[in-house]
Amino acid sequence: MLDDARVLEVSAPETMLAGRMLADLGADVVVIEPPAGSPGRRLAPFLGDIPGIERSLTWQALNYNKRGVTIELSSVDGKALMRDLATRFDVVIEAAGGVGRSPLDSIEFSPRTIRCTVAPFVRTGPKREYAATDFTVMAASGAPAMTGDLDRPPLFFPVPQAMMEAGADAAIATLAGLIARDRDGVGQRAGVSARIAAMMSAFGLALVPGSGNADSKRTQGAMVVAGVQVPSVYECADGFALITIGFGPVFGQMTQRLAKWAAEEGRMDRRIAETSWSSFVSDLMAGKASPQDLQVLVDGLKSLARSKSKAEIAEASRRLGLLAAPVMNMKDVADYEQYRERGLFARVSLNAGREIDAPVRFAQFSNYSIEIKRPAPKLSEHSAEIFEAELGLSKAEIQALFVAGAI
Amino acid sequence: MAAPLEGVHVLDLSWVMVGPASARYLADMGADVIKVESSKRLDPVRTLGPFKDGKFGPERSVSYHNLNAGKRCIAIDIRRPEGREIVLRLTDWADVVLESFTPGVLETLHLGYADLRNRNDRIIMASTSLLGQTGPYAKGTSGVGTMGAAMSGATYQIGWPDREPTGPWGPWTDAVTPRFIVASILAALHRRSRTGEGCYLDVAQAEAGIQFMMPAYYEYAANGTIPERRGIAGSPIQAPQGVYPCRGEDRWIAIDGSHPAHWDALRGLIGGELREAKFDTIIGRLRNRAALDETIVSWTHEQEVGAIEHRLQAAGVPSHVVSRGGDLARDADLLEAGHLHKINDPVFGDADIEGPRFSLSRTGLHPTRRGPRIGEHTTEVLAAVLGMSQAEIAQLDNSGVLV
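Which chain is which? The protein sequence lines are A and B, in order. According to this note's numbering, the first sequence is numbered sequentially starting from 1. According to this note's numbering, the second sequence is numbered sequentially starting from 1001.
Since the hints were made in silico from the structure, they are not lab data. Every value quoted in this text rests on a predicted model; they were computed, and no experiment measured them.
With a Cα cut of at most 30 Å, we get these calculated BS3-like pairs of lysine-lysine:
1. K288(A) x K1055(B)
2. K302(A) x K331(A)
3. K331(A) x K373(A)
4. K1139(B) x K260(A)
5. K378(A) x K395(A)
6. K1055(B) x K1342(B)
7. K378(A) x K331(A)
8. K1342(B) x K217(A)
9. K302(A) x K1139(B)
10. K395(A) x K79(A)
11. K288(A) x K302(A)
12. K1040(B) x K260(A)
13. K395(A) x K373(A)
14. K1040(B) x K288(A)
15. K1055(B) x K217(A)
16. K288(A) x K260(A)
17. K1040(B) x K1055(B)
18. K79(A) x K378(A)
19. K288(A) x K217(A)
20. K217(A) x K302(A)
21. K260(A) x K302(A)
22. K331(A) x K1139(B)
23. K1139(B) x K1040(B)
Isolated chain A, as found in the complex (with noise of 0.2 Å):
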């Protein structure tokens, strides 16, 4: 859909998933590296546990379908490169720091390039020279203060999230750049801000305290409604379930199911899925419900999901269409028949023959398809390649550049 997309991506944690989708959605990308190598591939985990600048497998992850050169952008000969490289293209992404920070302030881009600058902060704001890594932007966040149980500290995820968010929304805004331009023919800078796009997972947090609430405070491990501790995941047979119990119109249906099902399995006293979940909040304050209804919900729910298997609970949730999911770890994903007939997998090869099933179509057209088109570059791999074709160096050129340091 973007084959007529041109990106030139400067590589950094934040731009990798940038540069991926637009590849993903047909564009020609190509990855610019310093000759060391960019600091994605200095991302674990590594293939085999063993670390190396072809072995992130976080780098393999956010790269294919890019091809790579190394260029040494803090030097005269690579910033010409630069200059010369982006002319033949559409899209620089970068990732900079407070304005004045990157490499590319000092080139002169066409008006017709559309410039994408991914910061840690807003680029003109208080916080421009924070010094900032993804741990410290996605605590900025505000999701990890309301992650946890509220008797230990705040948790983040494993994985780091804000370059995930920031590379998204830098590929959303550099579409908005391309689209703009598929009018008038002119290009502009884009700005993303890690921490705003890391907002996105904090849901209306930063809303609370404007609209006259109290601030929230971390819960989610175990709600406490009336006194009884809620969990939302359950020990089950082989794993964890999620299970919700919900209130209200709609969600309290869902209960409604959740506890017919506990009750025709014993688990539960059939007067409990007799009652009304559906207003058992309002019931509860008029003073006619019962907060030990709800404990023996719980506990009914803690005694079927130990009995049941992942497997058992999922089939149940659809059939029944409950507010339950397995917990999925990697191996459940990798074999879910779900996402493998739907098409979710591509095979792709990673380092020294390696091949696995990646999870590549994050979405499915009717007249287009994500595919692997190649794997993720190696250092510097395209560099003799696309120095020819683009700028016309000759073979001896692209040697000086190489002995200078340039590439």
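We have chain A; now place chain B onto it with these hints.
Quick look at chain B alone, frame taken from chain A:
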């Protein structure tokens, strides 16, 4: 200068979060978005908080405004033939249609992609659901973002090893999925501007979540290791990196001093026991991590969290308050960027909602406005977009279609 999607028409048949948040991106980019709702089938997000001043009410959900800012809203019963006809006529007008019904439902209403394409072969239609439209478990399966998180491998990996997993906060895949929908729609719009081709696209929310977990998936697929929940924040091979308690209840500072230059800066600032030789090298810091963290805690725990952030940043150490809602609402970075916008709603008055998630230097984006009330623009849309007369509209109203 016109925002990128100025003049692009979007028909938003979706509800709750994923579809509405996707359409909000498009509205921010200047698209004219018409949301179809019904008071007989309220968008459930109207029952989710925060509510203005904590008072429940379908027109008081601030989350609703945040997800539907800048859209128009018509209230119709699409199960009635006249309501269905309105959707079809809006399809003639639309460039993009978004929907998030349980897979199979729109087809039974004869409003599936085949029906809409018959009306408008340039239409770009996006469907989103928990597991997608195809595959053995697709049809009839509905779900929410907590289920998406559970089925994407995220929930399993977030929690304390001695307790059940807690999972990410909130309906996590509802935040992730819109990005893949919006990028796909924009790519389809770009192609259409060259070829005239429309497109149908289908995004499964659980699958979208896997995208943000790709490194963990690769760890299993390539190394055969199932990533487990670790609890404690911070990488097991980077130190110091973690959250440290500060003065007050549930106040934490996130510090990442794992890069050598950042470590030097942190050591210079805190001094004392951090200067011990056992912390000189990364291997030393990892082997003595408990002592390292204890020393940092002894420095942080009596200090105010915001003051610590300033001291650490002045020394060049990556750090930030583990922000709570109140911190975000007062955050200088967000206020300066104008990310939090005051809206004025005729029903409840003032509240903050978020602005767009990115900026464009030349064309800009659409100014942030409040979300619509249920059916606020029904008459306006039927008259101005569909060219209906007041008599026709009154007839529809009398026959109970406009509810």
